[in-house]
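Chemist: Mind docking chain B with the ligands on chain A? Use the hints.
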Amino acid sequence: MARVELEAVGKRYPNGFEAVHAFDIDIADGEFIVLVGPSGCGKSTTLRMVAGLETISSGALRIDGRRVNDLPPKARDVAMVFQSYALYPHMTVFENMAFGLRLQKLPVAEIEARVRSVAERLGIEGLLDRKPKEMSGGQRQRVAMGRAIVRRPRVFLFDEPLSNLDAKLRLQMRVEISRLHESLGATSLYVTHDQVEAMTLADRIVLMKDGFVQQIGAPLELYARPVNTFVATFVGSPSMNLLPGMVQGDRVVGAGFSLPLPAGVAATAGQAVLAGVRPEHLRRAEGAGALTGAVDVVEPMGNESFVHCVAGEHRVVARWPGFVAPARGEAVALEADPAHVHLFDAATQARL
Amino acid sequence: MSGPRDAEPKPPVRWGTHLFLASFAVVTLFPVLWVVKMAFRPEQTFATGLNPLPTVFSLDNFRDLFAAPHFWQQMLNSVIVAAVTTAAGVFLACTAAYAFSRFRFPGRRAGLMAFLVTQMFPGTMMMIPLYHVLDQLGLLDHLAGLVLVYSTTAIPFCVFQLKGYFDTIPRDLEESALMDGASQFTIFWRIILPLSRPAIAVTALFSFMTAWNEYILAATFMSDEASYTLPVQLQQYVGDYTTEWGHFAAGALLVSAPVMALFFLLQRHLVGGLTAGGVKG
Ligand SMILES: Nc1ncnc2c1ncn2[C@@H]1O[C@H](COP(=O)(O)OP(=O)(O)OP(=O)(O)O)[C@@H](O)[C@H]1O
Ligand SMILES: [Mg+2]
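Order-wise, the sequence lines are chains A and B.
Counting in this note's numbering, the first sequence runs from 1 upward without gaps.
Counting in this note's numbering, the second sequence runs from 1 upward without gaps.
Just to be clear, a hint being listed does not mean it is correct.
[As the list claims (entries may be wrong)] Examples of chain B residues toward chain A, derived with CB under 7 angstroms:
| no. | residue |
| --- | --- |
| 1 | Glu8 |
| 2 | Glu175 |
| 3 | Ser176 |
| 4 | Ala182 |
[Said to hold, decoys possible] In silico DSS-like cross-links for lysine-lysine, where the CA-CA straight-line distance does not exceed 30 angstroms:
| no. | chain 1 | residue 1 | chain 2 | residue 2 |
| --- | --- | --- | --- | --- |
| 5 | B | Lys37 | A | Lys133 |
| 6 | A | Lys74 | B | Lys163 |
| 7 | A | Lys131 | B | Lys163 |
| 8 | A | Lys131 | A | Lys209 |
| 9 | A | Lys168 | A | Lys209 |
Bear in mind the hints are in silico, worked out from the structure with no lab data behind them.
Just so you know, even glycine gets a beta-carbon here, dropped at the ideal spot from N, CA and C.
Isolated chain B (complex conformation):
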């Protein structure tokens, strides 16, 4: 950003940029629109044709989903797993990240390293060991098992994310609070957490999405249909010989709705600059 105001690019450049961006928007939106179209079409065939816009509005697919034997149970499963994972993830990640950011203790570097290393392996690689662990714990087919697995995958990333943010909060603020007579916990609760809303929002979103969207592990660990989460159930509509595209698309919309809602809800916290004005120098 040089100068008080950037010069407007010349029209050909501007149009070129717009064209480029518009084509990307189309490429991104096209499949999404197709899913929307299929969801509202009262048939199970794959949508063909170039027009991605819905032509009919029927709620049949949704009605079928709601009426499916375990749908509401599965929805509840998904909600419980995602909510508990998010709560546990955010709470543990915040406290751990704060310790990593502010305290010096033996094993600090090793701990951070371990967190980083675990991020290098894809979750599916851990599938068999995890299966074994859950089996030993008797948590196969239990939601608690999923929560445990999701939390442990989400937390290292969240800790890193939050530690990076905590590191940017000036120490002066904490020392100032210390002088004001605040305890370590008060500082964490009343100063650090309120200032970290953007980072916590990202962390929460990430944890939620990790749990809400995950399919492979859930499909492996859950064998009873009543303990499925929604993504696992969704996969059931894609059979070996026939695929109920209408049900699948409607389900896909239902699954993505909460994520989008959460995004909009948290959006206003996702802005930075919260610490502006606190310290100067």
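Bound-form chain A, shown alone:
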């Protein structure tokens, strides 16, 4: 297994477009890194540069201390699971999984043993004679994983491996990937659109936007201390409420609301800020509360509801625990603990 270092790695496509800007990360041996971000932010590009499928325009990529910028994929000893699975259509599952091993000229008996043991582990030992077109999406996905695992690479790369599965299967595979990572302990880079996948699988999450890394950190760190409004609204569902206001004494005051300032925040009186509160940190106030709004939409989720309120010119979402939620049109007063209020500079959008 391996340590992977990206030092100011950048990508400029031949048409001049800069898809990735100075990406820096030091990935420890066995670490599971998840890349998230909106579509087109450069996740796949980054992954493909590590794979060797895309040239690196600037910076250095090192695997176990060795610079591999100019090595072809096969010399990097990296395996990749594609979103499309990319199974060889004319080969059986066995042949698909054995393809890489055969190219390494391993003894036939060893290939056979390795493929069988991985197939067993993934529960596809009964499918070894099938062709890809004779399998379901979930089965193909497993084969694609198996083909990567069987090679015992130093680094695993996944580009949205679960995005073609239905919700239930996705959840199942997510748990399985987690378990596999637990037992293989392989250094992994995983690209996804799915926040839940990111939060549950990652040792550390890398959140990107427009080719720039926004924040790198443990899932809870991104959740608890987002470095800017982009990270704040990207992580967590429903998104964090952001309310424009001004610092006044120990409170942030804006049109129709007044929230307590979090402790130790570097803000000066009169500074224009954005106050952020997650829906799950807004609760019904006993008295006047921090803001009062009229209930607009209620989304019942079973054990909780998301209540959308209109408060003056702002819209806020609050999580309502339990089975009872206010009715549409009802006026509700909401408040939040200062510890759960985030403050961002209105101009730079950076955390204060």
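Modeler: What follows is chain B with the ligands alone, placed relative to chain A:
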């Protein structure tokens, strides 16, 4: 195709369709049957009468053909020319088409354009320049000359055909193989070619037919009877004053037999959908 099952058309429409198709089948088959009839009739006159079905079965015409002075030599010529053209055509077209499909290199667009443009001129227009070229090369009356000419006419079309097919093979498959440690050649040989069987079959068939059926160029470039190909020999039976229709028809059947055989042989490869199931998304 709307709905799970298309509704059956109403009987009058259905009968009308059948009648229409049947009449086309008759129009298409009638001359063919006539040729068959003439081939098996032990005379050299043109078959007359409406009945296109053979009434007698005689192998005299075939026997005469087989006994003709250069027949077997000419048959061999045809086979060699067609086989070598096919082999060279398929090999060169595959490699060229793959390069055009996957690599970006200077002259790529110009090359594709040139291939397209050459397809716009009829082969006969090139006859005199080609004659001159072969003469310079000393390849007149040589089978190699014919192979050269046929290959160069067939390859541009084949390259286009194959490039179009290669373009439809997802790049993910190649990248996946690259990650698995395959070289460019391994990818071409073990992934691309096996997946392109239908297109290669069409290409092979086309090259074969180009060479096997061609008459005008062969008749121009070959003057020695021993180096004729079968179509050229066939034409000899149609004289200025008399035509040996029986021999001509028997020869025509012999010439078309291998093409048909090849068609049936390749038929099962001519189905699409080979890449089904490989990628999703
Ligand atoms: N070959 C290319 N040439 C030029 N620009 C490209 C090329 N490939 C990708 N891009 C651009 O680079 C940017 C990043 O692309 P990338 O595929 O890495 O995004 P992504 O984060 O993986 O998006 P998604 O979530 O939609 O998969 C996009 O704006 C894309 O348009
Ligand atoms: Mg992508």
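Chemist: So, for every hint listed, does it hold in this structure?
Modeler: Hints, verified against the model:
Residue-level restraint check for Glu8(B) is violated (minimum Cβ-Cβ distance to chain A is 31 angstroms; threshold 7 angstroms). Annotation: Glu175(B) was flagged as interfacial toward chain A, and the flag holds, the nearest CB pair being 5 angstroms apart, inside 7 angstroms. Because the closest C-beta pair between Ser176(B) and chain A is about 4 angstroms apart, less than 7 angstroms, the hint holds. With 7 angstroms as the threshold, the beta carbon of Ala182(B) comes within range of chain A, its nearest partner Cβ sitting at about 6 angstroms, so the hint holds.
Distance hint between Lys37(B) and Lys133(A) is unfulfilled; the C-alpha atoms sit about 48 angstroms from each other, more than 30 angstroms. For the suggested pair Lys74(A) and Lys163(B), the alpha carbons sit about 27 angstroms apart, so the restraint of at most 30 angstroms is met. At most 30 angstroms may separate the alpha-carbon atoms for a hinted pair to count; Lys131(A) and Lys163(B) meet this at roughly 26 angstroms. Only pairs whose Cα atoms come within 30 angstroms are accepted, and Lys131(A) paired with Lys209(A) is rejected, the gap being roughly 39 angstroms.
Taking the CA atoms of Lys168(A) and Lys209(A), the gap is near 29 angstroms; set against the 30 angstroms cutoff, the hint holds.
Of the hints listed earlier, those the structure fails to meet are numbers 1, 5, 8, in rising order.
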